[in-house]
Amino acid sequence: MLKQLFGKYRFLVISIALFLIFDIGVLVLNIYTSGKIAEQTELINLAGRQRTLTQQMSKATQYIRAQKLQQWVYQSGLAELRDQFDVFGATIKAFNEGGQTTSAETGAIVSVAKVETPEGRAILAEATTLWRGFEQAISPLMIDVLITDEEIEPASEFIAANNLKLFDQMNRLTEHFTHESEKQTTFLRMAQIGGITLATINFFVILFHFLKQLRGRDRRLEIKQHESDQILDTINEGVFLVDENLSIGGQHSRHLEEVFDTKRVSGRRLSRFLSAYFPEKIVKTALEYTRLYFQSHINPDLIADVNPLKRVKATVAQSSGEVFEKYLDFSFAPLRQENDKRAILVSVNDVTDSILLEEQEEKNEDQVERQLALFSQILPINPDDLEVFIDECLSGFEQLNQTLKNNKNVTDNYDQTLARMFRETHKLKGSASALSFSWISNQLHDFESSIEGLQKQGERKILRGQDLLTLTIQLRQMYESIETVSDLGDRLKAYGIKHIAAQAANALDVSNEKQPVENKRWFGLRDFAEGIAKEENVAVDVSLRGFSEALEPHIGETLYPIAVQLIRNSIAHGVESRKTRQCLRKPNSGQISLSISHDSLGNYRFVYEDDGRGFDYDGIRASLAARGVMSKSSAAKLSKNELVQNAFRDNLSTREGVDQNAGRGVGLSLVWEQVKLLEGNLKIRSVENEFTQFIVDFSMSEEPKEPLISRHVA
Amino acid sequence: MKHKKQIDIFIEGVKRYFDHLTFEEELLEIGAPYLVRNSERLGLDYTGAISITGDSKGYVFFSSTSPLLKYILLGHGASNFSEEYLGDIVGEIANTISGNARSHMGAEFHISPPKVIVGEINKYNMNLNSRSYVLPIRWRRNSAQLIVSLEENEQLL
Amino acid sequence: MKLLIVDDSLVIRNKINSGLLKRFDKVLRAKNGVEAIEVVKLVRPDVITMDLTMPEMDGVECIQEVMKVCPSTHILVISALADKATAIAALSCGANGFLCKPFTQSQLTDAIEKVLAIQLSR
Numbered sequence: 001m002l003k004q005l006f007g008k009y010r011f012l013v014i015s016i017a018l019f020l021i022f023d024i025g026v027l028v029l030n031i032y033t034s035g036k037i038a039e040q041t042e043l044i045n046l047a048g049r050q051r052t053l054t055q056q057m058s059k060a061t062q063y064i065r066a067q068k069l070q071q072w073v074y075q076s077g078l079a080e081l082r083d084q085f086d087v088f089g090a091t092i093k094a095f096n097e098g099g100q101t102t103s104a105e106t107g108a109i110v111s112v113a114k115v116e117t118p119e120g121r122a123i124l125a126e127a128t129t130l131w132r133g134f135e136q137a138i139s140p141l142m143i144d145v146l147i148t149d150e151e152i153e154p155a156s157e158f159i160a161a162n163n164l165k166l167f168d169q170m171n172r173l174t175e176h177f178t179h180e181s182e183k184q185t186t187f188l189r190m191a192q193i194g195g196i197t198l199a200t201i202n203f204f205v206i207l208f209h210f211l212k213q214l215r216g217r218d219r220r221l222e223i224k225q226h227e228s229d230q231i232l233d234t235i236n237e238g239v240f241l242v243d244e245n246l247s248i249g250g251q252h253s254r255h256l257e258e259v260f261d262t263k264r265v266s267g268r269r270l271s272r273f274l275s276a277y278f279p280e281k282i283v284k285t286a287l288e289y290t291r292l293y294f295q296s297h298i299n300p301d302l303i304a305d306v307n308p309l310k311r312v313k314a315t316v317a318q319s320s321g322e323v324f325e326k327y328l329d330f331s332f333a334p335l336r337q338e339n340d341k342r343a344i345l346v347s348v349n350d351v352t353d354s355i356l357l358e359e360q361e362e363k364n365e366d367q368v369e370r371q372l373a374l375f376s377q378i379l380p381i382n383p384d385d386l387e388v389f390i391d392e393c394l395s396g397f398e399q400l401n402q403t404l405k406n407n408k409n410v411t412d413n414y415d416q417t418l419a420r421m422f423r424e425t426h427k428l429k430g431s432a433s434a435l436s437f438s439w440i441s442n443q444l445h446d447f448e449s450s451i452e453g454l455q456k457q458g459e460r461k462i463l464r465g466q467d468l469l470t471l472t473i474q475l476r477q478m479y480e481s482i483e484t485v486s487d488l489g490d491r492l493k494a495y496g497i498k499h500i501a502a503q504a505a506n507a508l509d510v511s512n513e514k515q516p517v518e519n520k521r522w523f524g525l526r527d528f529a530e531g532i533a534k535e536e537n538v539a540v541d542v543s544l545r546g547f548s549e550a551l552e553p554h555i556g557e558t559l560y561p562i563a564v565q566l567i568r569n570s571i572a573h574g575v576e577s578r579k580t581r582q583c584l585r586k587p588n589s590g591q592i593s594l595s596i597s598h599d600s601l602g603n604y605r606f607v608y609e610d611d612g613r614g615f616d617y618d619g620i621r622a623s624l625a626a627r628g629v630m631s632k633s634s635a636a637k638l639s640k641n642e643l644v645q646n647a648f649r650d651n652l653s654t655r656e657g658v659d660q661n662a663g664r665g666v667g668l669s670l671v672w673e674q675v676k677l678l679e680g681n682l683k684i685r686s687v688e689n690e691f692t693q694f695i696v697d698f699s700m701s702e703e704p705k706e707p708l709i710s711r712h713v714a
Numbered sequence: 001m002k003h004k005k006q007i008d009i010f011i012e013g014v015k016r017y018f019d020h021l022t023f024e025e026e027l028l029e030i031g032a033p034y035l036v037r038n039s040e041r042l043g044l045d046y047t048g049a050i051s052i053t054g055d056s057k058g059y060v061f062f063s064s065t066s067p068l069l070k071y072i073l074l075g076h077g078a079s080n081f082s083e084e085y086l087g088d089i090v091g092e093i094a095n096t097i098s099g100n101a102r103s104h105m106g107a108e109f110h111i112s113p114p115k116v117i118v119g120e121i122n123k124y125n126m127n128l129n130s131r132s133y134v135l136p137i138r139w140r141r142n143s144a145q146l147i148v149s150l151e152e153n154e155q156l157l
Numbered sequence: 001m002k003l004l005i006v007d008d009s010l011v012i013r014n015k016i017n018s019g020l021l022k023r024f025d026k027v028l029r030a031k032n033g034v035e036a037i038e039v040v041k042l043v044r045p046d047v048i049t050m051d052l053t054m055p056e057m058d059g060v061e062c063i064q065e066v067m068k069v070c071p072s073t074h075i076l077v078i079s080a081l082a083d084k085a086t087a088i089a090a091l092s093c094g095a096n097g098f099l100c101k102p103f104t105q106s107q108l109t110d111a112i113e114k115v116l117a118i119q120l121s122r
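Residue numbers (my numbering), protein chains in the order written: chain A, 1 to 714; chain B, 1 to 157; chain C, 1 to 122.
Derived from the structure by calculation, the hints contain no laboratory data.
No residue lacks a Cβ here, since even glycine has one placed at the ideal position from N, Cα and C.
Be a bit skeptical, because a hint or two may be false.
[Unchecked claim] Lysine to aspartate or glutamate pairs mimicking EDC-like chemistry, simulated, CA-CA at most 16 Å apart:
1) Lys93/A / Glu116/A
2) Lys284/A / Asp46/C
3) Lys84/C / Glu288/A
4) Lys5/B / Asp467/A
5) Lys114/A / Glu180/A
6) Lys2/C / Asp25/C
7) Lys310/A / Asp83/C
8) Lys212/A / Glu222/A
9) Lys84/C / Asp467/A
10) Lys114/C / Asp305/A
11) Lys363/A / Asp55/B
12) Lys101/C / Asp467/A
13) Lys101/C / Asp25/C
14) Lys281/A / Asp83/C
15) Lys15/C / Glu38/C
16) Lys310/A / Glu288/A
17) Lys114/C / Asp301/A
18) Lys405/A / Glu29/B
19) Lys4/B / Asp467/A
20) Lys123/B / Glu151/B
21) Lys405/A / Glu151/B
22) Lys632/A / Asp618/A
[To be verified] Just the calculated beta-carbon pair ranges, DEER-fashion:
23) Arg336/A / Ser9/C: 35 to 41 Å
24) Asn125/B / Arg336/A: 34 to 40 Å
25) Glu12/B / Gln416/A: 26 to 32 Å
26) Gln64/C / Ser271/A: 22 to 28 Å
27) Glu56/C / Asp446/A: 54 to 60 Å
28) Ser18/C / Asp366/A: 20 to 26 Å
29) Thr65/B / Lys534/A: 37 to 43 Å
Taking the hints into account, I'd like the entire structure generated from these sequences.
Right, here's the structure in full:
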């Protein structure tokens, strides 16, 4: 308590004490001085009476002298004189030494203090000396009631002589006392003025001190307010308070205004506020949830899980009129305020970005799944084959792109461009299906379909460069696909995952071990052929000769598409159904053989043969007529040789309908393009219902040759 | 075929600009589009570039040889063929493309105002492993290119 | 101290039981709301762990009944987070806390202590 008194409130205590001291001081002084003034007044009165007494005593003596002959008469005067003498004597004695006398006003006995002032004492000293004379003169009259001449005459003479003098002295004394009294009064007034002045000063000191303190406190409050404003302005979260009536408090963070794009937050009902952004059902649940925090039977720690405002989608209409969807996270924390009221601190976070990121990640997971599917297609492919295939695709795509690019100045004739692209695509598709790589072969097939669509369009109207945009876009997609494949292949290699089929083959088929790596894919043609045969519902046996030796890469890469294409053709067009074959006394499975051989001079011969139905000459005729290459009648006149030549035209197919195996009609033209690459000769022999044979002769020697197609019909 | 729709919009923008030029009937021809690796040189003499962010993001460039731009300037009656004027024209074309794109592609894309580049296009913001579409443009026997470099936010598979 | 476990799944009942066996003198079990009310009438448990989705009588209804019969019981809702609105309704009508399935034993004991710490003036 004391500590407190002299601590925080020291100034106040001291100020009030001083105020009291000043007031009491003035009061005490007042009482004291008032007493003094009363005394002084008494003195003035007494001195005044002395003055009067001198006159009265003189009168009384005169009277006694005049009546001295009549004793009865002067008795009353004598008694008066005696009284006056006594009173005067007592009073002057009291003035001199302090003592009692009778009051001039009331006649009561009063005490008189000894006169101390030098001036007073001087007057008194003179008066006392004179009074001694009076005493001597008057004392004989004090003895008895009979006054003699000897008694009265000297007294009368003395009094007459000195009476005025004593009067004058008493008058001076009165004046002196009056003056003293005035001095006292002046002092009192000064003291009062001084006291009041001090008290007033003290009052102002207190006042200013408290004003200063109040101002200081206001400033501190202001600073606090400013600080909390700053926090609310800069905090990166939407923060506001909700009271027991579910109204929003007066303060909130600025971020909140940004989140909801509104300034109308403070003081609103929570329900109204939320309704602007959330569907009714969510608002209802949210309010019920918020109420839980004000209920005493609930532990707030145990209800965070049921917060319905987690990752909720808010529809925020911006002032510009645009509507945004945001994902928001609300969290609640109970607070107990100063007045013991409860409130909830609600913070709102915009989690849109992270949710979109998660969605993206989920998409990526989808992608992973797709990649897994892709893995399952890649895994059975021999890594070396895959590498060759990827290279083939990349250079093929480059070819396609170049074909597009070379066209940039030609606006009226895209036929050739499309035909060239078709062949290139067809070749790649062949390789893709040879590897059973459906993911790529499907894309190539779609690409072919697009080319075909454009070709059809081109028959009706003149194609413009812009029309080819779909092809460019598809091409880009295929580029990306093959890059993905390449990437996956690399990753597989990096993880040391070995080619399943190769391992399986190594385990089962010892003869395969001797095959050079480069030629493995030739042996893969057996599986490829079986695959297509199954689709076409026929059976085939593929035999390979001369492929156990390493082939020069250029030769291998050029011949392989030919083989693929011819196998397709044989199965789609040549090999008959099992029943037909039985009627013709052929083996159940169609026999396909491929062989490669060369002499020491570098002259190569590649032979492909099947035992199918041979060239379908009527089919070629019909197709030529249908495509408008020539009339039906002129087609009918063509020799078999000419018909075969025509079969190598672009887009000729005898098959109705299109699927991945046949029907595009580009097969043979592709073969021819490849032969041209080798600068080789192509010989075709075919016997109806017996066989078809393709012989490619080419040389690796330096001599240039004209490519030739010749045909022999046995 | 999201790209096709978008590229068609860009082409429309180019056509719109050239339609406004009141020359004698002279057709704007667009050749077969092809691909070019982003690591290769991109751009002709002057290029107006707009960047696109949104579902797909990337850049659209209208790149032109200076003779074509000079022809346009001539059409405007100008005789000053300074770099500044040529850049101005190419920027105006890019602006038409971006304006057209903005009105067609709407809220899901943010399309920047065009920037003019002189000479080869700086590619520090582009994926160098990716490929851009090049649409060759011929007008009065002069050539220009519309180069579209778009990346999907999700990878194609 | 008496505990009543209300859950239609035997596995969950066993899990809660093994987690809280030491904390309570007596552990009772009920596999639906109707059974639970019978038990509450007889033994007036101190704590009930309550599932929300059960056959016969669902959790919210059961809590309302318990509140009528024995309002001094502490109730911890233990449920999967399928329907937050139902969970909130359960809390509004008298449950004291919520624990989300699946839970760990330490989460369970912690939640039980927190529920027990609440002074109930009803």
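Cross-check of the supplied hints:
With a C-alpha separation of about 13 Å, the suggested pairing of Lys93/A with Glu116/A holds against the 16 Å cut-off. A hinted pair counts as satisfied when its Cα atoms are at most 16 Å apart, and Lys284/A with Asp46/C does not qualify at roughly 32 Å. Taken as a hint, the Lys84/C and Glu288/A pair is honoured in the structure, with Cα atoms around 11 Å apart against an allowance of 16 Å. Annotation: proposed proximity of Lys5/B to Asp467/A holds, straight-line Cα distance about 12 Å (limit 16 Å).
Distance restraint check for Lys114/A and Glu180/A: the Cα-Cα separation of roughly 14 Å lies within the 16 Å cut-off, and the hinted pair is therefore satisfied. Our distance criterion of 16 Å between C-alpha atoms is met by Lys2/C and Asp25/C, whose separation comes to about 6 Å. A distance of roughly 13 Å separates the Cα atoms of Lys310/A and Asp83/C; the hinted pair therefore holds under the 16 Å criterion. In summary, the hint linking Lys212/A to Glu222/A is supported, as the alpha carbons are separated by about 15 Å, within the 16 Å threshold.
Distance hint between Lys84/C and Asp467/A is unfulfilled; the C-alpha atoms sit about 55 Å from each other, more than 16 Å. Using a Cα cut-off of 16 Å, the hinted pair Lys114/C and Asp305/A holds, with the two alpha carbons roughly 15 Å apart. Restraint check for Lys363/A and Asp55/B: satisfied, since their Cα atoms lie roughly 14 Å apart, inside the 16 Å limit. The hinted pair formed by Lys101/C and Asp467/A fails the criterion: a straight-line CA distance of about 59 Å is larger than 16 Å.
This hinted pair does not check out: Lys101/C and Asp25/C have alpha carbons roughly 25 Å apart, beyond 16 Å. Simply put, Lys281/A and Asp83/C have alpha-carbon atoms about 13 Å apart, close enough for the 16 Å limit, and the pair holds. Between Lys15/C and Glu38/C the alpha-carbon distance is near 23 Å, which puts this suggested pair outside the 16 Å criterion. Between the alpha carbons of Lys310/A and Glu288/A the distance comes to roughly 15 Å, so the proposed pair stays at or under 16 Å and holds.
For the hint linking Lys114/C to Asp301/A, the alpha-carbon distance of about 8 Å falls within 16 Å, and the restraint holds. A C-alpha spacing of about 15 Å is found between Lys405/A and Glu29/B, which places the hinted pair at or below 16 Å, so the restraint holds. With a C-alpha separation of about 10 Å, the suggested pair Lys4/B and Asp467/A falls inside the 16 Å cut-off, and the hint holds. With a C-alpha separation of about 14 Å, the suggested pair Lys123/B and Glu151/B falls inside the 16 Å cut-off, and the hint holds.
Between Lys405/A and Glu151/B, the direct Cα distance comes to roughly 22 Å. Violation of the 16 Å bound is thereby established for this hinted pair. With a C-alpha separation of about 11 Å, the suggested pair Lys632/A and Asp618/A falls inside the 16 Å cut-off, and the hint holds. Restraint check, Arg336/A to Ser9/C: a C-beta distance of roughly 39 Å satisfies the suggested window 35 to 41 Å. In this structure, Asn125/B and Arg336/A break the distance hint of 34 to 40 Å, their C-beta atoms being roughly 54 Å apart.
At about 29 Å, the CB distance of Glu12/B to Gln416/A agrees with the hint of 26 to 32 Å. The hinted range of 22 to 28 Å is satisfied by Gln64/C and Ser271/A, whose Cβ atoms lie roughly 25 Å apart. As the Cβ distance of Glu56/C to Asp446/A is approximately 59 Å, the hint placing it in 54 to 60 Å holds. For the pair Ser18/C and Asp366/A, the supplied restraint of 20 to 26 Å is violated, since their beta-carbon distance comes to about 41 Å.
For the pair Thr65/B and Lys534/A, the beta carbons lie near 56 Å from each other, so the given range of 37 to 43 Å is not met.
The structure does not agree with the numbered hints 2, 9, 12, 13, 15, 21, 24, 28, 29 stated previously, though it agrees with the rest.
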